[in-house]
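Just need the whole structure built from these sequences, with the hints factored in.
Number of protein chains: 2
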Amino acid sequence: MRWAEGFIAVDWGTSNRRAYRLDSSGRCEDEFEDHQGVLTIPADGFSDAVAEIRQRLGDRPLLLAGMIGSNRGWKEAPYVPCPAGIDDLVAKLVWVGDREAIVPGVSYVGQGRGDVMRGEEVQLLGAVAAGMIDPMGLVCHPGTHNKWATLSQGKIHRFRTVMTGELFNLLKEHSILSDLLQGEVDVNDAFRQAVRHSIDNATLPADLFGLRAGVLLGQMKKEDAVSFASGLLIGADIRIGLSIPTSVQIAVLGRPELTRLYAAAIGAAGRDAVELDGEKCFLAGINEIAKRIDA
Amino acid sequence: MRWAEGFIAVDWGTSNRRAYRLDSSGRCEDEFEDHQGVLTIPADGFSDAVAEIRQRLGDRPLLLAGMIGSNRGWKEAPYVPCPAGIDDLVAKLVWVGDREAIVPGVSYVGQGRGDVMRGEEVQLLGAVAAGMIDPMGLVCHPGTHNKWATLSQGKIHRFRTVMTGELFNLLKEHSILSDLLQGEVDVNDAFRQAVRHSIDNATLPADLFGLRAGVLLGQMKKEDAVSFASGLLIGADIRIGLSIPTSVQIAVLGRPELTRLYAAAIGAAGRDAVELDGEKCFLAGINEIAKRIDA
Numbered sequence: 453m454r455w456a457e458g459f460i461a462v463d464w465g466t467s468n469r470r471a472y473r474l475d476s477s478g479r480c481e482d483e484f485e486d487h488q489g490v491l492t493i494p495a496d497g498f499s500d501a502v503a504e505i506r507q508r509l510g511d512r513p514l515l516l517a518g519m520i521g522s523n524r525g526w527k528e529a530p531y532v533p534c535p536a537g538i539d540d541l542v543a544k545l546v547w548v549g550d551r552e553a554i555v556p557g558v559s560y561v562g563q564g565r566g567d568v569m570r571g572e573e574v575q576l577l578g579a580v581a582a583g584m585i586d587p588m589g590l591v592c593h594p595g596t597h598n599k600w601a602t603l604s605q606g607k608i609h610r611f612r613t614v615m616t617g618e619l620f621n622l623l624k625e626h627s628i629l630s631d632l633l634q635g636e637v638d639v640n641d642a643f644r645q646a647v648r649h650s651i652d653n654a655t656l657p658a659d660l661f662g663l664r665a666g667v668l669l670g671q672m673k674k675e676d677a678v679s680f681a682s683g684l685l686i687g688a689d690i691r692i693g694l695s696i697p698t699s700v701q702i703a704v705l706g707r708p709e710l711t712r713l714y715a716a717a718i719g720a721a722g723r724d725a726v727e728l729d730g731e732k733c734f735l736a737g738i739n740e741i742a743k744r745i746d747a
Numbered sequence: 453m454r455w456a457e458g459f460i461a462v463d464w465g466t467s468n469r470r471a472y473r474l475d476s477s478g479r480c481e482d483e484f485e486d487h488q489g490v491l492t493i494p495a496d497g498f499s500d501a502v503a504e505i506r507q508r509l510g511d512r513p514l515l516l517a518g519m520i521g522s523n524r525g526w527k528e529a530p531y532v533p534c535p536a537g538i539d540d541l542v543a544k545l546v547w548v549g550d551r552e553a554i555v556p557g558v559s560y561v562g563q564g565r566g567d568v569m570r571g572e573e574v575q576l577l578g579a580v581a582a583g584m585i586d587p588m589g590l591v592c593h594p595g596t597h598n599k600w601a602t603l604s605q606g607k608i609h610r611f612r613t614v615m616t617g618e619l620f621n622l623l624k625e626h627s628i629l630s631d632l633l634q635g636e637v638d639v640n641d642a643f644r645q646a647v648r649h650s651i652d653n654a655t656l657p658a659d660l661f662g663l664r665a666g667v668l669l670g671q672m673k674k675e676d677a678v679s680f681a682s683g684l685l686i687g688a689d690i691r692i693g694l695s696i697p698t699s700v701q702i703a704v705l706g707r708p709e710l711t712r713l714y715a716a717a718i719g720a721a722g723r724d725a726v727e728l729d730g731e732k733c734f735l736a737g738i739n740e741i742a743k744r745i746d747a
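Protein sequence lines correspond, in order, to chains A and B.
At position 233 of the first sequence the residue is numbered 685 (the working numbering), and the sequence of numbers has no breaks.
At position 279 of the second sequence the residue is numbered 731 (the working numbering), and the sequence of numbers has no breaks.
Just so you know, the hints here were simulated from the structure itself, not pulled from any lab data.
The model shown is predicted, which means the values in this text are computed figures rather than measured ones.
It is possible that some hints are incorrect.
Because identical chains share one entry, a pair is satisfied inside a single copy or across any pair of copies.
[To be verified] Below, simulated DSS-like cross-link-like pairs (lysine-lysine); rule was C-alpha separation at most 25 angstroms, straight line:
id, residue 1, residue 2
1, LYS673, LYS527
2, LYS544, LYS607
3, LYS674, LYS527
4, LYS527, LYS743
5, LYS607, LYS732
6, LYS674, LYS624
7, LYS674, LYS743
Listed below in structure tokens is the structure:
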């Protein structure tokens, strides 16, 4: 079996999955996205869920990445420790059958802490393999759990997760700030002011309440609150990600609506950032892995 | 009408209310607590809710404090600006009828920010009036929204809210950390280690995810996670509250299960704290207000 003759790639997360049929040149011929994330599928339901993907996209080999390899997924793919390059992922693929492989996540232990990722490694190392980012650079991957990854010689050398996206969603959906956070986030003055405030002041849990007080006391316009809150959270995130002074290239990859915010915030911190579409990076990474299975 | 002949005091919060029948010496003769917080009562339902309190505790004058005076409550009691002492609260009581008064909250504007409290002011100023705390001290009032208040000449001079309790509850109830946070928080090594970490490192949104990674990678015992998470959040709170060096007395007042944690965390930061029962402070404050209505 030659993977390079075409296969199906799936980026299978906690709450969503995205599946692509790739041709022999790695181009996407067909795709779909739905909400059948790992948590929506019963433990014994993954064979059926995979069969359904083949019904929709064709009977091809399958390469799966993301939370599908977690202990809540189809089959657990143990983390590959840092430093982790694309060959390390290929060497530790977990095979469910002859034609179904799961890409492992990556772990980091050091500096008195530990960290894990599942799914982002394909995008990060795909961007490296495709020459889209500096193999010695710093990469920011915003999402539910933003990852700051330091690359060295094209491998993930070290990384740190900041749960910015999840905190924003918790505040938006369940907190006392909820009614203030229902609009769209804009890169406006409120956003930039909040980013700079959080970069200069490590007072996030106070500043979030201050937002509500500011609206109650007429100091802040209600319609600015959502951008201000996002700026506070992203600024605190960037404060952590850029805490070690570095002059290397900063790349931000992920969903464009998030990379836009992070690139603007990194700009407010006085640095430039290259923005990359996470989906393109994922396809570059998963094609590279398939190529190396054949090799 | 003489309030000092006995009245009913109600500490009426967002999700709970606690009502006390106080005799002519200010002692509690009867009381009850229930979940009829302000948010559970329809806008036109407060007269009935108040009538029910009188049915249970007797037909006496009523002094109400807390969110009952907010724009979601019975009648809005505008904030009294800092510096705010107990006489300022008495002067700005909002009367619904001849026998029903609502204690206003307190606001602070300065240092480029604004802040608000409703309910804590009765406890803080009650503790001052009863001589339980230093009238020039620093007071910490943990709860859903912890307040750090600087007193000056017995008035609330300045204060800052940190939404520690709410963040902990959001993480416990709705986040990816939820299954790790279901136990009870202990003042143990994990708690103290996390407090010290957060006092030294302003990296809370990363450390919270690190907790999950630590458990996944076998670096942290699952049963330590809830105390560690609480320690991280309370440590970050104390980092903010003690950011201005001060040698004044620190008093922690509120519910004993929370003051215990904050006093231990302040201890881990190398300071001592006096612990006071918030309910006693509330009764001291509300009796003092009633006395001054008569005066």
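Starting from the hint list further up, note which numbers the structure goes against and sort them upward.
Per hint list: single violation, 7.
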